[in-house]
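**Q** What follows is each chain in one-letter form.
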Amino acid sequence: AQSVTQPDIHITVSEGASLELRCNYSYGATPYLFWYVQSPGQGLQLLLKYFSGDTLVQGIKGFEAEFKRSQSSFNLRKPSVHWSDAAEYFCAVGDRISGNTPLVFGKGTRLSVIA
Amino acid sequence: NAGVTQTPKFRVLKTGQSMTLLCAQDMNHEYMYWYRQDPGMGLRLIHYSVGEGTTAKGEVPDGYNVSRLKKQNFLLGLESAAPSQTSVYFCASRPPGQGYNEQFFGPGTRLTVL
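Taken in order, these protein sequences are the chains called A and B.
Under the working numbering, the very last position in the first sequence is 133; numbers go up by exactly one each time.
Under the working numbering, the very last position in the second sequence is 115; numbers go up by exactly one each time.
Just so you know, not all the hints are guaranteed correct.
To be verified - Keeping only pairs whose Cα atoms sit at most 25 angstroms apart, straight-line, the calculated DSS-like set for lysine-lysine is:
#, chain 1, residue 1, chain 2, residue 2
1, A, Lys79, A, Lys67
2, B, Lys10, A, Lys125
3, A, Lys86, A, Lys125
4, A, Lys125, A, Lys67
5, B, Lys15, B, Lys72
6, A, Lys125, B, Lys58
Note that these hints are calculated values from the structure, not bench results.
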């Protein structure tokens with residue numbers, strides 16, 4: 019069964035600074051990979067997803083993520099953080115073999131943005 | 002399209018009371034899910050459904066029951082609420098198809114059990 023690890027529980031960055039949120043997965047093959055964002059009091063919104071092809075994926079709100087097979091990682095990046103990016107971020111893995119199994123989510127990384 | 006909606010948004014129960022959470026989606030999605038979210042635990046899957054009339058257990062099914070009598074609705078029931086079920090509950094849905102389509106989430110239900 020697949021699993022997801024987000025090593026950082028909480029990260030604080032200054033507005034305008036760059037951001038990288040880490041995600042490592044465990045899966046026997048190349049999985050489907052997702053990043054979701056949850057603003058305070060809201061549901062989850064998809065930022066971006068990786069299925070195949072180009073390993074650098076662009077998403078909404080200026081985010082991107084890079085799939086690295088050799089490191090089993092799918093880290094999320096943003097070159098310049100805005101105060102509105104303060105939220106919780108979840109990495110998720112989907113089973114490529116059985117498409118109807120649910121996504122497996124990491125425990126999340128909470129991002130705080132300071133002036 | 003309203004997307005995924007959840008009713009109610011907030012609820013306070015006493016220990017032992019029962020209630021049903023309703024999830025509705027108007028996107029004709031086959032798959033639906035119920036998660037609970039607790040601090041430091043991320044999202045944990047309670048039950049899910051891959052089609053009308055079918056349900057399956059997730060990671061933390063104990064104390065919950067579900068039904069999918071209509072394709073657009075997925076109900077989560079607590080027969081005898083316990084304080085450990087205090088949580089935020091999220092419903093999600095997604096369409097079948099090639100590859101793995103994204104899950105669409107509802108806004109959540111905040112449940113407190115006293």
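**Q** Compare the distance between the alpha carbons of Lys79 of chain A and Lys67 of chain A with 25 angstroms, and conclude whether the hinted pair is satisfied.
**A** Within the cut-off at roughly 14 angstroms; holds.
**Q** For the pair we were handed, Lys86 of chain A and Lys125 of chain A, check the Cα-Cα distance against 25 angstroms.
**A** Roughly 20 angstroms separates the two Cα atoms, so the pair holds.
**Q** Does Lys67 of chain A sit within 25 angstroms of Lys125 of chain A, going by the straight-line distance between their CA atoms?
**A** Holds, at about 18 angstroms.
**Q** Just to be careful, I want the Cα atoms of Lys10 of chain B and Lys125 of chain A compared with a cutoff of 25 angstroms; is the pair within it?
**A** OK: Lys10 of chain B and Lys125 of chain A at ~23 angstroms, within 25 angstroms.
**Q** If you draw a straight line from the CA of Lys125 of chain A to the CA of Lys58 of chain B, is it 25 angstroms or shorter?
**A** Answer holds: Lys125 of chain A to Lys58 of chain B is near 20 angstroms, not above 25 angstroms.
**Q** Quick one, are Lys15 of chain B and Lys72 of chain B close enough, alpha carbons at most 25 angstroms?
**A** Cα-Cα ~31 angstroms, so violated.
Against the hints set out earlier in the document, a violation occurs for number 5 only.
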